[in-house]
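Visitor: Sequence:
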Amino acid sequence: MDQFKDKKPQREQQALETRSKIIQAAIKNFSKYGFHGTSIRDINQSIDTAQGLIYHYFPGGKDELFKVISEESFEMIIKEMEDRKKGYSSMQLNDILEDIFKQVTEVIEAHFNELKILIFELWKHKDLTDCDMHEIIFESLGWFPKLLTEKIHQGEIGSIDIELESYMLKSILVNHFLSRMIDHKMGYLDDKKNRQKIFQRLINSWKE
1 MDQFKDKKPQ
11 REQQALETRS
21 KIIQAAIKNF
31 SKYGFHGTSI
41 RDINQSIDTA
51 QGLIYHYFPG
61 GKDELFKVIS
71 EESFEMIIKE
81 MEDRKKGYSS
91 MQLNDILEDI
101 FKQVTEVIEA
111 HFNELKILIF
121 ELWKHKDLTD
131 CDMHEIIFES
141 LGWFPKLLTE
151 KIHQGEIGSI
161 DIELESYMLK
171 SILVNHFLSR
181 MIDHKMGYLD
191 DKKNRQKIFQ
201 RLINSWKE
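For the sequence shown, position 202 matches number 202 in full-length UniProt numbering, and the numbering has no gaps at all.
These are calculated hints, taken from the structure and not from any lab test.
Hints are supplied without guarantee of correctness; some may be wrong.
[As the list claims (entries may be wrong)] Here are the simulated DSBU-like pairs of lysine-lysine, each with C-alpha atoms no more than 30 Å apart in a straight line: (1) Lys79 - Lys62; (2) Lys207 - Lys102; (3) Lys170 - Lys21; (4) Lys32 - Lys116; (5) Lys67 - Lys21; (6) Lys124 - Lys185; (7) Lys28 - Lys102; (8) Lys170 - Lys79; (9) Lys193 - Lys116.
[To be verified] Ranges of calculated distance between the beta carbons of each label pair, as one might list FRET restraints: (10) Glu98 - Leu53: 41 to 47 Å; (11) Thr105 - Gln13: 30 to 36 Å; (12) Pro9 - Asp48: 21 to 27 Å; (13) Gly87 - Lys32: 36 to 42 Å.
On a predicted model such as this, the values are computed, not experimentally measured, just so you know.
Note that the Cβ used here is the ideal one computed from N, Cα and C, for glycine as well.
Kindly generate the complete structure, drawing on both the sequences and the hints.
Guide: Okay, structure coming up:
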């Protein structure tokens, strides 16, 4: 009996690994060729699985795969951005802005293919998923206005238009983020001297 008990978790683990393998193959194909440029056959061939196995895990085929990838990537990226904000209350603003920049850079590098799908494919297929790319961009820093409020109360900055200043920071980061995604080159903010000048200018304006 114990022998049969051991086989079930092993089968479940193998199933999870196969599902993950299919998803990773689909991400690579969708990010490289787009949704319409990718077929189930392409995904199947790239991982050399048995014909029809993808439909066993994703009965809805390519549409279901795209939906799952979009939603799981969305949740994962939001969570990673949220997890990093812990401890910011006790940090200086220049250190916070530098850490936010590093966080954005790490997310881009770790999830480049997923982000390509969310940025360049998601808007074309809104019928397949409720994910909204704007939420990743703006909700991931949705906590920043509250942080600025805390800094005002601590006397670190003056009485500023919190929503406006938060929007300005998001816009700077989004511009950098999209530039990196489009041309894969180092952006203006990748030079530490450049970003320190911009961040210090922002902070100085908050202190006036």
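Visitor: Could you run down the list of hints and mark each one as holding or not?
Guide: We went through each hint and held it up to the structure:
1. Our distance criterion of 30 Å between C-alpha atoms is met by lysine 79 and lysine 62, whose separation comes to about 26 Å.
2. The suggested pairing of lysine 207 with lysine 102 holds, with an alpha-carbon distance near 24 Å, which does not exceed 30 Å.
3. Distance restraint check for lysine 170 and lysine 21: the Cα-Cα separation of roughly 34 Å exceeds the 30 Å cut-off, and the hinted pair is therefore not satisfied.
4. Simply put, lysine 32 and lysine 116 have alpha-carbon atoms about 9 Å apart, close enough for the 30 Å limit, and the pair holds.
5. About 16 Å separates the Cα atoms of lysine 67 and lysine 21, which keeps this hinted pair within 30 Å; it holds.
6. Restraint check for lysine 124 and lysine 185: satisfied, since their Cα atoms lie roughly 25 Å apart, inside the 30 Å limit.
7. Between lysine 28 and lysine 102 the CA atoms are separated by roughly 25 Å; this keeps the pair inside 30 Å, and the hint holds.
8. Between the alpha carbons of lysine 170 and lysine 79 the distance comes to roughly 18 Å, so the proposed pair stays at or under 30 Å and holds.
9. In summary, the hint linking lysine 193 to lysine 116 is supported, as the alpha carbons are separated by about 28 Å, within the 30 Å threshold.
10. A hinted range of 41 to 47 Å for the beta carbons of glutamate 98 and leucine 53 is consistent with their spacing of about 46 Å.
11. For threonine 105 and glutamine 13, the Cβ-Cβ distance of about 33 Å falls inside the hinted range of 30 to 36 Å, so the restraint holds.
12. Between proline 9 and aspartate 48 the Cβ separation comes to about 25 Å, which falls inside the hinted range of 21 to 27 Å.
13. In this structure, glycine 87 and lysine 32 meet the distance hint of 36 to 42 Å, their C-beta atoms being roughly 38 Å apart.
In the structure shown, a violation is registered for the earlier hint numbered 3 alone.
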